[in-house]
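Protein chains in written order, with this note's numbering: chain A, 1 to 321; chain B, 1 to 441.
It should be emphasised that the hints constitute simulated quantities derived from the structure, not laboratory data.
None of the values given here were measured: they were computed from a predicted structure.
One should not assume that every hint holds.
Derived contacts from chain B toward chain A, CB cut-off under 8 Å, selection only [what the hints assert, rightly or not]:
(1) R11
(2) E15
(3) V17
From the three backbone atoms N, C-alpha and C, an ideal C-beta is built for every residue, glycine too.
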Amino acid sequence: MSDLAIDIRNVVKRYEAHVAVRDLSLQVPCGSVYGLLGPNGAGKTTTIRMILDIILPDSGSISLFGNPNTDRRVLDRIGYLPEERGLYKKMQVRRVLMFLAELKGLNPKTAAARIDEWMERFSLMTPDKDWGEAKVDELSRGMQQKVQFISTLLHDPDLVILDEPFSGLDPINAQALKDAVVELKRRGKTVIFSTHVMENAERMCDSVCIIARGEKVLDGSITSVKQDAGMRNVALALRGGAHNGVGTVLRDPQLVSKVDDSNNFFELELAPNADAQVLLRRLIDAGANIERFELMQPSLHQIFLQRVGAAGVEAGLSGHG
Amino acid sequence: MDNKILIVAKREYLERVRTRAFVLMTLLVPILMSAAMLFPLYMSAKSGPSSSVRRIRILDATGAGVGDRIAQNIRSDSAIADTVQGPFVVAVSPADLPAAEKAAEQEVMKPKSLQGYLVVDDSTITGKRAKYFGRNAATISDMDRLETAVRQSVLTVRLEREGVRPAVINDVAKNRLELSREKLTEKGRGGSGLTGLFAGIIVGVLLLMSIIVNGQMVMRGVLEEKTTRVAEVVISSIKPESLLAGKVIGVGGAGLTQMIAWLVLGGYFQSFFAPIVLKAAGAGAAVATSGPSTVASGFAGMAWSVLGVSIAYFLVGFVFYATLYAAVGSMVNSDQEAQQAQTPVMLLLMSGWIFVNPVIINPNSTLAVVLSWLPWASPVIMPIRMGLTSVSPASVAGSLLLALLGSIGAVWLAGRIYRVGMLMYGKKPSFAELAKWIRYA
């Protein structure tokens with residue numbers, strides 16, 4: 001057994017008008033939580049669909065747990081929550097779940113027991129009300145999301161792939177999803193999710209891969225990604241914001257190459273060869289009322305903006321991530 | 001075979017069979033079809049010579065007892081219900097005839113009295129003419145019966161005058177010859193010609209209806225999976241080709257279940273209701289016994305080979321059209337678009353069906369033979385031809401094989417469109433784009 005859950009090598013996918021994925025290679029170790037990050041249209045969904053053998057790459061290879069992903073038995077070990085979600089509307093909830101579980105090779109008896117277990121856990125089955133008997137379209141949107149999530153995990157997959165899992169989730173379901181991811185990780189499962197919300201990724205992922213315009217920009221563990229980016233960032237908090245003199249200092253290209261201005265809080269990237277101490281002195285001279293001045297690792301968000309840049313966030317070509 | 005195909009097929013089958021619409025259709029169609037077939041039977045029984053023929057006055061100015069003979073002829077007909085008295089014979093001299101006619105005319109014009117009056121005179125005996133005036137003068141069956149009665153009576157009188165023995169005359173007068181019809185082909189005897197016609201048309205209509213209804217069912221199922229976005233989860237667990245196959249098998253199974261239920265229930269309703277309908281029509285015993293056997297045997301008299309071959313044609317025809325319908329469902333985004341996009345499929349199906357009339361009239365014409373070989377028309381046309389004429393087993397096998405090849409071609413084509421279309425949202429593809437999908441899939 002390989003210790004890589006996913007091993008993608010030199011994968012290319014071309015569409016008529018553009019290249020969706022360009023020579024992409026990435027490795028996801030077993031038991032990790034992996035973030036696939038990128039702006040809309042970067043090729044995230046295309047990559048995920050290729051992993052799942054829904055669409056075929058033009059070239060390159062993909063293996064899952066050491067087997068080629070064309071092996072249907074390997075695909076049965078994956079749970080997939082697509083970005084665009086939906087269930088059979090007119091079908092009973094329990095029958096939908098049973099159908100999807102059976103498609104993953106679960107026998108009906110085990111599936112029935114697990115369905116009850118999960119529905120209780122997500123309070124879809126209480127002593128007074130069993131939503132399993134209801135038709136899908138009788139459920140609220142939040143409940144449908146729960147059912148969809150149950151269907152992803154019902155067959156106890158070793159690899160869970162979540163495509164933009166947080167889009168459209170209410171805060172309660174989003175929290176439940178985070179809890180579930182943490183629990184999966186604790187049980188040694190591999191989770192890979194795509195997102196363009198860096199905060200989620202920074203909090204949850206062990207490793208990330210940033211892709212833009214179908215190409216890998218960088219990948220690695222969160223720690224190494226941050227280390228590589230260097231301690232070139234300054235967190236600055238000012239009481240009363242940046243008045244004229246301070247603004248001039250922050251805009252000095254000799255000192256600061258990039259400013260993320262949040263009015264009272266600034267995340268600065270030092271210019272090459274600039275000294276943080278010089279910056280601090282200049283700010284004090286300019287009369288800044290400093291509450292916080294801290295040399296720090298850049299946030300994932302900063303790294304993302306720095307490496308992908310505004311140009312990378314161009315309009316998605318395929319409409320999917 | 002991938003057992004996931006069976007899981008998909010099972011879901012499709014059960015979800016369909018469980019719906020109220022399915023149960024209703026399964027019960028209602030045989031009732032309606034039985035009604036559609038029993039109504040003409042009712043009408044023909046009803047329009048057989050009715051008891052009205054008895055409720056007439058016969059003005060006999062022949063002086064040779066022709067009137068009495070006519071009355072007797074009508075009274076002795078068991079097909080005419082004897083619930084009323086008559087006919088009433090009035091012998092008049094030729095001189096009194098105009099007055100008698102006037103009296104009879106007034107009698108007929110009174111409500112709820114005589115139906116009409118018949119005038120026979122010397123010109124009748126010479127075989128020239130008789131006159132009838134009455135309410136039922138436009139009822140073909142009544143007038144046919146009356147005409148027969150007059151002819152036979154005149155014949156008897158003339159034979160008597162020529163000195164033929166009364167026993168012989170009696171025998172000739174009672175003659176009720178009936179022409180029995182039975183189909184005879186190189187395969188031997190098989191049912192009456194009428195039975196074959198019924199069976200052929202019923203099978204043809206059932207096949208066409210089933211293919212359209214179930215084909216559209218597949219299309220809507222595919223479209224539902226696409227629009228609810230459930231397709232992506234399902235396709236991550238099963239190959240699109242297997243999903244398509246399972247869907248077609250499941251829906252086809254439900255369709256086959258329904259068709260068999262239609263045939264069984266239809267046959268049952270026919271044999272159960274036909275006597276009741278005939279009784280209600282007030283027909284005599286003679287019609288009542290011959291009527292239902294003709295109609296009910298429309299199903300029962302159908303040769304098993306025809307039934308078996310029909311099911312085989314249903315299967316290949318259904319696969320052919322269902323996969324095309326699935327392709328249509330996969331390339332559109334809404335019901336409205338689907339209605340439009342299915343037109344080519346519908347036209348293809350109808351291109352065979354529009355010729356069904358000429359095929360029925362002459363099942364051995366070149367047109368009929370050609371149609372029964374074309375893969376997209378043969379599933380509907382061949383079973384009809386088989387019901388009407390004898391088709392060699394080699395032709396049937398050849399045409400089935402061709403239809404099967406056609407189905408495989410359709411599956412290949414539709415599978416490629418389906419694979420791409422299921423995950424393609426947005427604008428409906430043009431034909432040029434479709435061609436690209438087929439090439440690149």
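Results for each hint:
1. R11: holds (5 Å)
2. E15: holds (6 Å)
3. V17: This interface hint is violated because 13 Å lies over the 8 Å limit.
Consistency with the previously given hints fails for number 3 only.
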